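K.L.:
Full structure from sequences and hints, please.
Now for the letters of each chain:
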Amino acid sequence: MANPVLKVENLLKNYGELQAVRGISFEVAEGEVFGLLGPNGAGKTSTVEILEGLRNADGGTVSVCGYDPQKNPDELKHEIGAALQSTALPEKMRVIEALKLFASFYKRKRKPEDLLKRFGLEEKRNAFYSQLSGGQKQRLALAIALVNDPKVVFLDEPTAGLDPQVRREIYDVIEELRRDNKTIVLTTHYIEEAERLCDRVAIVDHGKVIVQGTPRELKQSSADKTRIEVRLAREESQEKLKSLEGVSDCRTLNGLYVLHCLRPPQAIVSLVKYLESQDNELVGLEIATPSLEDVFIELTGRRLRD
Amino acid sequence: MTNLLTLTRMRVQLALRNKMFFFFSIVMPIGFFFLYSGVFAKGDPIVVAYLLGPVLALNVMGSFWGLSATLVMFREQGILRRFHVTPATATDMLVSSVLANYFLTIPTVVVELLLAKFLFHVTSLGDLTSIFLLVSIGTVSFGSLGLVIASVTNTMQETQVLNQLLWLPLIFLSGATIPFTSLSKSVQHIALFLPATYLVHGLKNAVVNNFGPSKILLALGSLGIWFLLTLFLSSQLFRWEPEAKIGRKAKFYVATTAIPFLLLGIWEAKNGRVIAEEKFTMQRVDHSQKAEKPEGSKDGQPSSDPTKQEDTKPLD
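These protein sequence lines map, in sequence, to chains A and B. So in numbering that gives the first Met the number 0, spot 283 of the first sequence is number 282, and the numbers just go up one at a time. So in numbering that gives the first Met the number 0, spot 175 of the second sequence is number 174, and the numbers just go up one at a time.
None of these hints come from the bench; they were simulated from the model. Hints are not guaranteed to be accurate.
Listed next, the in silico DSBU-like pairs over lysine-lysine satisfying Cα-Cα at most 30 Å (straight line) [as the list claims (entries may be wrong)]: (1) A/70 <-> B/244; (2) A/207 <-> B/244; (3) B/289 <-> A/91; (4) B/18 <-> A/99; (5) A/91 <-> B/18; (6) B/250 <-> A/70.
What follows is a list of derived Cβ distance ranges for each label pair [claimed, not checked]: (7) A/65 <-> B/156: 43 to 51 Å; (8) A/124 <-> B/244: 32 to 40 Å; (9) B/160 <-> A/159: 30 to 38 Å; (10) A/57 <-> B/72: 55 to 63 Å; (11) A/91 <-> B/181: 36 to 44 Å.
Facing chain A, a subset of chain B residues (Cβ under 10 Å, in silico) [what the hints assert, rightly or not]: (12) 82; (13) 83; (14) 85.
Bear in mind the structure is a predicted one, so any value in this text is a computation, not a measurement. Glycine residues also receive a C-beta, built at the ideal position from the N, C-alpha and C atoms.
P.N.:
Here is the structure:
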C-alpha cells in the first residue's frame with residue numbers, strides 16, 4: 000500500500016500472563032474505512048487503544064499519521080479523534096459545554112454549533128449528559144471525536160448495546176464520514192456493521208489477524224460455501240444431488256435439501272434439468288450467499304458471538 | 000495553559016451544580032463557623048477571633064476530601080480516559096482540580112471573615128495578608144493531599160476509608176477542634192508532625208497575634224514545600240484508566256510526602272516554639288477577656304511577643 004496513513008506491524012500486547020495481541024499487522028489507506036471484526040476478547044480494543052496512545056505496546060511498530068503513539072502522543076492526539084467503547088462524561092455537564100471543552104484542547108477545531116446540527120443534538124444543546132438517551136450519548140461521543148476535524152477517527156464498538164434504530168442512525172453518520180473522506184478504524188463484532196460500512200476488514204481472533212481483505216474478497220474466498228436451499232415435490236437421493244455439476248455437497252435439513260455450491264449458476268441449471276428428467280418439481284428455492292460470519296466460522300470453527 | 004483554564008472552569012461549573020458540594024463546601028463550613036462563634040464562643044468577639052483560625056483551617060483542610068473523591072469517581076466512571084485521548088495532560092487534570100477547589104474555597108473563607116467582623120463584631124481580624132497567604136497555600140496543599148489519596152486508592156470505598164483515617168487526627172490533634180493547649184504534652188508533640196497543626200497555628204497567630212507574613216514563614220514554607228511534593232507525587236502516580244491498579248511499591252513513595260513535617264516536627268519538638276506560642280495566644284485571649292470585664296485590669300495584657308512571656312519557653 001502506497002503511503003498508508005496507519006501502519007501496524009507485528010503488534011504485541013500482554014496483560015500479565017495473558018497475550019491479548021499476538022503479532023497483529025495491517026495498513027490503512029487515507030480515506031479508507033477499515034474494520035477490525037472479531038469476538039469479544041479477540042484483541043480489537045487493545046489494538047485500537049495502542050493506536051490511540053491510551054496503552055503502550057509490548058512489541059511491534061505502530062505509525063499513525065506518521066507518529067509513533069508511544070513516542071509522540073502529544074502530536075498524535077491533535078490528529079486523531081476517538082469514540083471509546085465506553086465513553087462517559089460528568090453527569091452535570093451540558094452537551095454544548097462538552098463540545099466546547101473538548102474543542103478547546105485542540106489547535107484545529109470545528110464549531111461546536113455545527114457539530115450539534117450535524118449530529119441532531121440541537122434540541123439537547125443545554126441538556127445535562129445524564130439526561131441523554133443511549134443513542135444521544137453515542138451521537139455526542141461521535142461529535143466529540145470529530146471536534147478537532149481529525150485525520151483518523153477510531154470508533155470502538157460504536158453501536159454496541161444500542162437498539163436497531165439507533166444503530167442505523169449511527170451507520171448513517173459513519174457513512175457520511177466516509178463521504179467526507181475520513182480515514183476510519185472501526186472495531187465491531189456485528190457482521191452487518193462490517194459488511195455495510197467497511198472498505199476492508201481484518202478478522203481478528205485470539206490476538207491475531209486471521210484474514211483481511213474487502214468484505215467481497217473474503218466472501219469470495221469462501222465461495223464454495225454458497226448454499227442453495229431447495230424444497231422438492233418428491234424425495235430425491237442425496238448422492239444423486241451431490242453429483243450434479245457445480246454442487247460440492249448436499250445435506251438435508253427439515254425436509255430441505257441444502258446444496259453447497261462451487262458454481263451456483265451451473266448448479267441451478269443442472270438441478271432443474273435433473274428434476275425434469277426425474278419428473279420431479281421444484282417447490283421452493285433460496286440462495287444463501289456466504290457472509291463474513293461464514294468466513295469466520297470456516298476459519299475458526301466458532302461463531303462470532305460464541 | 001488554555002487546557003488548564005478550560006478544565007478549571009469546567010470543574011468550577013460542575014461543582015456549583017453539585018448538591019453535595021453545596022453541603023460539604025458551603026453549608027458545613029458556615030455551620031461550623033456558627034457552631035464555634037455562636038455556641039462555643041457564645042458570641043464573645045475575643046473568643047470568636049481566637050476560634051476563627053481553627054474555623055478557617057477546617058474549611059481549608061476539607062479540600063482533600065472533595066478532591067480525592069471526585070478524582071476517583073472520574074476514574075471509576077471512565078471519564079478520565081476520555082480526556083486521556085485528548086491533548087490534555089495529567090498535570091492539566093491535577094492542577095485544574097487544585098485551582099478549581101481554590102476558587103471555590105476562597106469565597107466561603109471571605110464570608111466567614113465578614114461574618115466575624117460584622118455579625119460577631121470582632122474588632123481586628125489580624126493580619127489579612129498572612130491570613131490570605133495561609134488560606135491560599137493551605138487550600139492548594141491540602142487539595143494536593145487529596146490528589147495523592149486518589150492516586151494511591153483503587154476504589155471509592157478505599158478512598159473514603161483513607162480520608163477518614165487522615166481526617167480524624169488532622170482535626171483532633173491540630174488544635175482545630177480541641178484547643179492545642181488542652182492536649183496532653185505527649186499528644187502536643189505528636190501533633191507537631193502534622194501539617195494541619197502548622198496551618199491552624201499560623202492562622203491563630205495571624206488573627207489573634209496579628210503576625211505578618213515574615214513571622215509565619217515557617218508555616219508558609221513547610222506547607223509550600225509539602226504542596227510541591229504532593230503535587231509532583233500525584234502527577235507521577237496519576238492513573239487515567241479505571242482498571243489500572245497501583246503497585247505496592249508506589250504506595251511507599253507516598254511516605255515521602257511526610258518528610259517535610261517529619262523534619263519540622265523534630266525541630267519544633269526540640270525548640271518548643273509552637274507549643275510556647277500556643278500557650279501565649281491562649282493567655283492573650285484570657286487576658287483580653289478579663290480586661291473586657293469591668294473589674295478587670297488592662298495592665299495584665301501580655302506583650303505581643305511570646306518569647307517575652309515568663310511562663311513560655313524562649314525561641315532558640
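K.L.:
Against this structure, judge whether each hint is valid.
P.N.:
Do the hints match the structure? See the list:
| no. | hint | verdict |
| --- | --- | --- |
| 1 | A/70 <-> B/244 | holds (23 Å) |
| 2 | A/207 <-> B/244 | holds (27 Å) |
| 3 | B/289 <-> A/91 | violated (53 Å) |
| 4 | B/18 <-> A/99 | holds (24 Å) |
| 5 | A/91 <-> B/18 | holds (11 Å) |
| 6 | B/250 <-> A/70 | holds (27 Å) |
| 7 | A/65 <-> B/156: 43 to 51 Å | holds (44 Å) |
| 8 | A/124 <-> B/244: 32 to 40 Å | holds (39 Å) |
| 9 | B/160 <-> A/159: 30 to 38 Å | holds (35 Å) |
| 10 | A/57 <-> B/72: 55 to 63 Å | violated (31 Å) |
| 11 | A/91 <-> B/181: 36 to 44 Å | holds (43 Å) |
| 12 | 82 | holds (8 Å) |
| 13 | 83 | holds (6 Å) |
| 14 | 85 | holds (4 Å) |
Violation of the numbered hints given earlier is confined to hints 3 and 10; the remaining hints are satisfied by the structure.
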